[in-house]
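Please work from the sequences and hints to get the whole structure.
Each protein sequence line maps, in turn, to chains A and B. Here the first sequence stands for residues 1184 to 1677, where the numbers follow my numbering. Here the second sequence stands for residues 15 to 139, where the numbers follow my numbering.
These are computed hints drawn from the structure, not numbers from a lab. Backbone N, C-alpha and C define an ideal beta-carbon position, used for all residues, glycine too. Take these hints with a grain of salt, some might be off.
So these bits of chain A aren't anywhere near chain B, every CB distance computed over 12 Å [unchecked claim]:
| id | residue |
| --- | --- |
| 1 | H1189 |
| 2 | F1226 |
| 3 | E1292 |
| 4 | A1378 |
| 5 | A1381 |
| 6 | T1390 |
| 7 | L1394 |
| 8 | L1472 |
| 9 | V1512 |
| 10 | A1542 |
Facing chain B, from chain A, some residues (calculated, C-beta under 10 Å) [said to hold, decoys possible]:
| id | residue |
| --- | --- |
| 11 | F1321 |
| 12 | E1325 |
| 13 | Y1332 |
| 14 | A1336 |
| 15 | S1347 |
| 16 | V1352 |
| 17 | G1354 |
| 18 | T1355 |
| 19 | I1356 |
| 20 | I1363 |
| 21 | G1373 |
| 22 | D1487 |
What follows is each chain in one-letter form.
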Amino acid sequence: MSIALHLPALQVVIPLVSAPLAVLVRRADAAFLIVTAASWAAFATAIALWLGTGDGATISYAIGNWQPPWGIEYRVDRLSSFVLLIVSGMAAITLPYSRTSIEREIPHEQHYLFYAMFALCLTGLLGITITGDAFNIFVFLEISSLSSYVLIALGRDRRALMASYQYLVMGTIGATFIVIGIGLLYLMTGTLNLADMAGRLAQVGGTRPVLAALAFLTVGISLKLALYPLHQWLANAYTYAPSAVSAFLAATATKVSIYVLIRFYYSVFGESLVFEKLPLPEIMLLLSLAAMFAASAVAIFQHDLKRLFAYSSVAQIGYITLGLSFDSVTGLTASIVHLFNHAVTKGALFLLIGGAVAAVGGATLSRLSGLARVMPLTSFGIVLGGLSLIGVPGTAGFISKWYLILAALEKGQWWLAIAIVASSLLAVAYVWRFVEVAYFREPSADLATRREAPLGLLVPAWILVSTTLYFGLETSVTVGSAANAAAMLLGIGK
Amino acid sequence: MSIGTHFSYAVTVFLMVAGLFIVIARGNLIKKLVGLAIFQTSVYLLYIVPGKLIGGTAPILDDRFKLYSNPLPHVLILTAIVVGVATLALGLALAVRIREAYDTIEEDDILARDVDDCGADRQGK
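Now the structure itself:
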């Protein structure tokens, strides 16, 4: 048996094992090396899996050689390998960054625990993505959630504790809704394997428990992915968490939840059930529009840069769910592309803001006035990231908006295309707030003594900024994968 | 379809709603966690009850046993219980830290102090 056959298991096992190892060595440096090496190994594994599914193949792995549908199956297809790539890639970039960034934010004796929690969070997120078993999704979801509550509570500010507590309550309600949904599905089908479940659901299709399961799963997952108006936990959690944690969670946690939603909608329930029996597309459309406009409008009036971009995340998630509500290949492609583009853009922004926080001591806009004089590279990076949020041509954000508008026009809903452009104008407004503060105000005497962020923070952030620009011009990887995945998902549903 | 034949479901739903109500209606952080625990526990019932047949045994292959209960829900819920305990432990640990930092575990008081903190931030202390 060659090692390549076991890649799906290794994808999860490597970060999982690195967490207890990091605790056992009890030294920050050694823990850092172990967890970073594990995240890079996970990234390499994800690339191998992504290449392995290039021709539309599905890799199935029976854990412990218990054959599915009895045993737990790991299942990698075009969509899950793409999400694995996002999650492990973000971890591989955020971890080297965290070494410099947590020096100032977390007491040194807790560093090894930070790395252990980070590894567990990564394990959970990768596990949710790769598993083909419904209950396993819940278990991995809780692994990633519990570790992210701890990571958020590590923030310096006492408000981080309350943010973490609120996220714990909301997250647990969401996860419990998901278990209720899975339980009802299990009652009706007698199986937990997603592929097997999809086949058996055809017989019990429109029955009430199945519709209830769909409703519970939708609400539970929407809580986790911060669909407006279930986003209350998100703003505080992103604002008060340590910088590296904000960046990693903003880039991956909500994205993985969206993946779970897509997986349940298209691979388990099938679009005929989701989009025809219940008014889900209409609800999704309205909530997405509310997110795009309300959350962007709220973002404009924030006084804290991290909180501003947290609300912007809620708005951007609105674009992703908007793509889902179209129920077309183009719409789904737009969603999946934006999953990637927003992960990279928001990751870059939060990493850069982390650099500014490290130098200035806070992310309130009043402290950041004149930032561009003192930290030109950081400020310019934030502006580029902001342009991608707006969707300016040449940035990754443009590609997603382009496909969204195409999907809207395909459905003949030109007013939606106008709404997408109009909500982008709100993004111009909140990005402009930063530009105005950073570029058109004099730095305070205190700020003028500060320097550009250290290279350990700038390099990972700029890798992501350049990724944002690169995928704004060269789209064969992102759009290609997304289109393949969308076609595959809709092919199964029909 | 009466309450009598669906007694276990009625209990499940009552616990579910009661738990969720406590989480939403109570401002005390510990009481919220109690509600959360009740809410999670109701799901254990939702899984366990349909798996049990009256007179059914564990699936032992023997001529004496004809009626089997499904063991899988028990295994699943064992996992869910572990998750529930971990969540409760983490929640309580956070409540302890919150009490150390804010000197209260009433949500209203804490949020009022958060508003003060945000005001202080805005003035750029």
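Okay, the hints, checked on the actual structure:
1. H1189: 24 Å, holds
2. F1226: 28 Å, holds
3. E1292: 16 Å, holds
4. A1378: With a cut-off of 12 Å, A1378/A remains clear of chain B, as the shortest Cβ separation is near 18 Å.
5. A1381: At about 19 Å from chain B, A1381/A clears the 12 Å cut-off, so the statement holds.
6. T1390: About 15 Å separates T1390/A from the closest Cβ of chain B, which puts it past 12 Å; holds.
7. L1394: 16 Å, holds
8. L1472: 27 Å, holds
9. V1512: 36 Å, holds
10. A1542: 15 Å, holds
11. F1321: 8 Å, holds
12. E1325: 5 Å, holds
13. Y1332: Nearest chain B Cβ about 6 Å off; hint holds.
14. A1336: Since the shortest Cβ distance to chain B is 6 Å, the answer is holds.
15. S1347: 6 Å, holds
16. V1352: 6 Å, holds
17. G1354: 9 Å, holds
18. T1355: Status holds, d = 5 Å.
19. I1356: 7 Å, holds
20. I1363: 6 Å, holds
21. G1373: Check passed: Cβ of G1373/A comes within 8 Å of chain B, closer than 10 Å.
22. D1487: Because about 7 Å separates D1487/A from the closest Cβ in chain B, which is inside the 10 Å limit, the hint holds.
The structure fails none of the hints (numbered hints given earlier).
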